[in-house]
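**Student:** So the sequence lines, in the order shown, correspond to chains A and B.
Under our numbering, residue 286 is the last one in the first sequence; the count climbs by one each step, no gaps.
Under our numbering, residue 555 is the last one in the second sequence; the count climbs by one each step, no gaps.
Treat the hints as calculated values from the structure; they're not laboratory data.
Possibly wrong hints are sitting among the right ones.
Said to hold, decoys possible - Here are some of the chain B residues that sit facing chain A, going by a computed Cβ distance under 8 Å: (1) TRP415; (2) ALA441; (3) SER445; (4) ASP447; (5) SER452; (6) LEU453; (7) MET454; (8) SER462; (9) GLN463.
Stated by the list, open to error - Restricting the straight-line Cα-Cα distance to at most 20 Å, the calculated cross-link-like pairs of lysine to aspartate or glutamate (EDC-like) are: (10) A:LYS239 - A:ASP180; (11) A:LYS117 - B:ASP447; (12) A:LYS239 - A:ASP224; (13) A:LYS117 - B:GLU542; (14) B:LYS482 - B:ASP387; (15) A:LYS158 - A:ASP180; (16) B:LYS482 - B:ASP447; (17) A:LYS239 - A:ASP97; (18) B:LYS551 - A:GLU141.
Claimed, not checked - To list a few chain B residues with every Cβ distance to chain A over 12 Å, as calculated: (19) VAL326; (20) TRP351; (21) VAL451; (22) ILE468; (23) PRO471; (24) HIS472; (25) LEU515.
Predicted model, so just to flag it, every value in this text is computed and none were measured.
Each residue gets a CB set at the ideal place from its N, CA and C atoms; glycine is no exception.
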Amino acid sequence: MALAAARARNDVPTLQAVASVAAASDLISARGVSVTMGSGRHRQVILDNIDLSVPEGSFVSLIGPSGCGKSTLLKVLAGLVEPSTGRVSVAGHAPADAARRRMIGLVFQDANLLPWKNAVDNASMLLSIADPTLSKAALRERGQAMLDLVGLGDAAHKMPNELSGGMRQRVSIARSLALDPAVLLMDEPFGALDAITRDTMGQSLLEIWERTGKTIVLVTHSIDEAVHLSKQVHVLGIKPGRIIETLDVPLPYPREVSIVEHPDFIRLHNGLRALLRDSHRPGQPS
Amino acid sequence: MSVQSSSVTPREMPAWRFVTDRWLPPVILSVITLLAWEAVVRIFAISPFIVPAPSAVAEALAANWGTLLQASIVTAEEILLGFVVSVVAGVALALLIVRFDWLGRALYPLVVLFQNVPKVALAPIFILWFGYGLAPKIILILVIAFFPVTLSMLAGMESVDRSLVSLMNSVGASRSQILLRIRVPHSLPNLMAGMKIAATLSVIGAIVGEFAGASDGLGYAIQFASTQLDTPLVFAALLLVSVLGIVFYYAAELLERLVVPWAPKFSGR
Ligand SMILES: Nc1ncnc2c1ncn2[C@@H]1O[C@H](COP(=O)(O)OP(=O)(O)O)[C@@H](O)[C@H]1O
Ligand SMILES: [Mg+2]
Numbered sequence: 001m002a003l004a005a006a007r008a009r010n011d012v013p014t015l016q017a018v019a020s021v022a023a024a025s026d027l028i029s030a031r032g033v034s035v036t037m038g039s040g041r042h043r044q045v046i047l048d049n050i051d052l053s054v055p056e057g058s059f060v061s062l063i064g065p066s067g068c069g070k071s072t073l074l075k076v077l078a079g080l081v082e083p084s085t086g087r088v089s090v091a092g093h094a095p096a097d098a099a100r101r102r103m104i105g106l107v108f109q110d111a112n113l114l115p116w117k118n119a120v121d122n123a124s125m126l127l128s129i130a131d132p133t134l135s136k137a138a139l140r141e142r143g144q145a146m147l148d149l150v151g152l153g154d155a156a157h158k159m160p161n162e163l164s165g166g167m168r169q170r171v172s173i174a175r176s177l178a179l180d181p182a183v184l185l186m187d188e189p190f191g192a193l194d195a196i197t198r199d200t201m202g203q204s205l206l207e208i209w210e211r212t213g214k215t216i217v218l219v220t221h222s223i224d225e226a227v228h229l230s231k232q233v234h235v236l237g238i239k240p241g242r243i244i245e246t247l248d249v250p251l252p253y254p255r256e257v258s259i260v261e262h263p264d265f266i267r268l269h270n271g272l273r274a275l276l277r278d279s280h281r282p283g284q285p286s
Numbered sequence: 287m288s289v290q291s292s293s294v295t296p297r298e299m300p301a302w303r304f305v306t307d308r309w310l311p312p313v314i315l316s317v318i319t320l321l322a323w324e325a326v327v328r329i330f331a332i333s334p335f336i337v338p339a340p341s342a343v344a345e346a347l348a349a350n351w352g353t354l355l356q357a358s359i360v361t362a363e364e365i366l367l368g369f370v371v372s373v374v375a376g377v378a379l380a381l382l383i384v385r386f387d388w389l390g391r392a393l394y395p396l397v398v399l400f401q402n403v404p405k406v407a408l409a410p411i412f413i414l415w416f417g418y419g420l421a422p423k424i425i426l427i428l429v430i431a432f433f434p435v436t437l438s439m440l441a442g443m444e445s446v447d448r449s450l451v452s453l454m455n456s457v458g459a460s461r462s463q464i465l466l467r468i469r470v471p472h473s474l475p476n477l478m479a480g481m482k483i484a485a486t487l488s489v490i491g492a493i494v495g496e497f498a499g500a501s502d503g504l505g506y507a508i509q510f511a512s513t514q515l516d517t518p519l520v521f522a523a524l525l526l527v528s529v530l531g532i533v534f535y536y537a538a539e540l541l542e543r544l545v546v547p548w549a550p551k552f553s554g555r
């Protein structure tokens, strides 16, 4: 079902996040989500009144200054942080329920592979917890298929300390894809990689997206990455964390690395730069 | 033994280079030390009662070989049993503290407090309670050696990356699953380091236990020989205690290599 939606994703109407009502095609919708932490003098509004819609099969980026709450928002969508107010639904379920139904795949900046397991066992590690009925052979097979998908089919028996940073992150993506989730939530997945590896990884992620039709929400602090990869970019401001602008990226797919020379790319890039400069200015909590 | 040669890893070295670079220098230094020791004792005619010459120690070793071997076996048995009991108890305690929050909050400060009791001073009490046999030595080793095991394993289990725990939670992993599949294996390198400390402490515990009251073992032999003013025999027994210590330490290190070959210190490059 996700695949069909992905094939049609270019026909999905572009949505202005702030005003949009949850449409039938939205896989993720957040309405009026706020997160406050601490109490008394230490009470801190981390996210303020977030409205976010992610159409099924879409590729959406969240960009904003450090500490603005991107990771927290992603954790709310993953059901790992309970919002103080507001409602979130992922494919019609509360996020924690969606996670239990294996609809959510998570990728963090650190690949966090288990150093005592080889690549293929790492790739099937989460699946083995999520579905204890699967046999060892079935887990291996699934792990291998996912490694093939992320371009690491030959490295199945390598241990994590034999893999480069980029390869480790590929295994981490494979590990989440093994769950066959509806959405991949990625928190600065390429943040620790060098510039060249970053570009290759971005390109691979686009290929994986095209082939699997997954919905992807990517947290990044790289403007290039946001414009290169996503259909839509949400810019977050700080203090409190809120969405200050939503930009559509009307560049056609498939996108190559050379897209950075496209005039539209440059225009969007500059627009985002200006927005990010504004995003550091604290706002008034609503 | 030039400085540059130390940058060559053993794997790339021919075998003879490894021997000449790594083994020869300490062996040469030891031989020189022993010869100098022998010479000083002879030249200044130092009484063997004060400092015995290496040759006198060797003689004592040869003359009492049967007794000393027998004593070594007794002490080795205490060390091995005490070590195993300490590791089992230390691991169990660490698991309990991590698995049950309330128990951890109750136990942890008490364990730390207990660590500050000078446990060597407990040896006479254990002899009083449990007699002259194996039991008081095992218990003394236990109270001395469990702590580094517990502490290192706790540190390892608690240093698991939080986002990895988030990942496990997101697929509905239970606390026990996270403990068994992530925290425990993750803590093994730390546990192995703690076990090496416990191995050394076990040797100390066995000897102190024998000092406090025993009818056999190397600690007993040292005490007996010193009451007889037989200093060469004291040194001979000391030598065997050191050999036991080295054997247990390297056994623990071998175990480490077997259990956690994936740990950063072995994955070199
Ligand atoms: N568990 C927590 N308790 C208290 N404050 C937190 C917690 N997690 C994050 N914060 C605070 O929330 C803000 C946003 O954090 P985060 O979501 O990590 O931002 P980002 O990912 O955009 O850098 C920061 O000011 C951080 O200090
Ligand atoms: Mg973050």
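**Student:** Evaluate the condition: distance from the CB of LEU515 (chain B) to the nearest CB of chain A exceeds 12 Å.
**Tutor:** holds (56 Å)
**Student:** Hey, LYS239 (chain A) versus ASP224 (chain A), does the alpha-carbon distance stay inside 20 Å?
**Tutor:** violated (24 Å)
**Student:** If you take the shortest Cβ to Cβ gap from SER452 (chain B) to chain A, is it below 8 Å?
**Tutor:** Holds - the Cβ of SER452 (chain B) comes within 8 Å of chain A, reaching about 5 Å at its closest.
**Student:** LYS158 (chain A) and ASP180 (chain A): Cα distance at most 20 Å?
**Tutor:** This hinted pair is violated, its Cα atoms lying about 23 Å apart.
**Student:** With chain A as the partner, please determine if LEU453 (chain B) meets the hint condition of a C-beta pair closer than 8 Å.
**Tutor:** With a closest approach of 6 Å, the LEU453 (chain B) hint holds.
**Student:** Evaluate the condition: distance from the CB of VAL326 (chain B) to the nearest CB of chain A exceeds 12 Å.
**Tutor:** holds (51 Å)
**Student:** Beyond 12 Å from every chain A Cβ: check whether that's true for PRO471 (chain B).
**Tutor:** violated (5 Å)
**Student:** Are the Cα atoms of LYS239 (chain A) and ASP97 (chain A) separated by 20 Å or less?
**Tutor:** violated (30 Å)
**Student:** Take a quick look at whether LYS239 (chain A) and ASP180 (chain A) sit within 20 Å of each other, Cα to Cα.
**Tutor:** At roughly 36 Å apart (the allowed maximum being 20 Å), ASP180 (chain A) and LYS239 (chain A) break the hint.
**Student:** Take the C-alpha atoms of LYS551 (chain B) and GLU141 (chain A), compute the straight-line distance between them, and say whether it is at most 20 Å.
**Tutor:** With Cα atoms ~32 Å apart, LYS551 (chain B) and GLU141 (chain A) exceed 20 Å; violated.
**Student:** Would the hint on SER445 (chain B) be counted as holding, given a Cβ-Cβ threshold of 8 Å to chain A?
**Tutor:** violated (13 Å)
**Student:** Identify whether the interface hint at GLN463 (chain B) stands, where standing means a beta carbon of chain A within less than 8 Å of its own.
**Tutor:** Result: holds, 6 Å to nearest chain A Cβ.
Of the hints listed earlier, those the structure fails to meet are numbers 1, 2, 3, 8, 10, 12, 14, 15, 16, 17, 18, 21, 22, 23, 24, in rising order.
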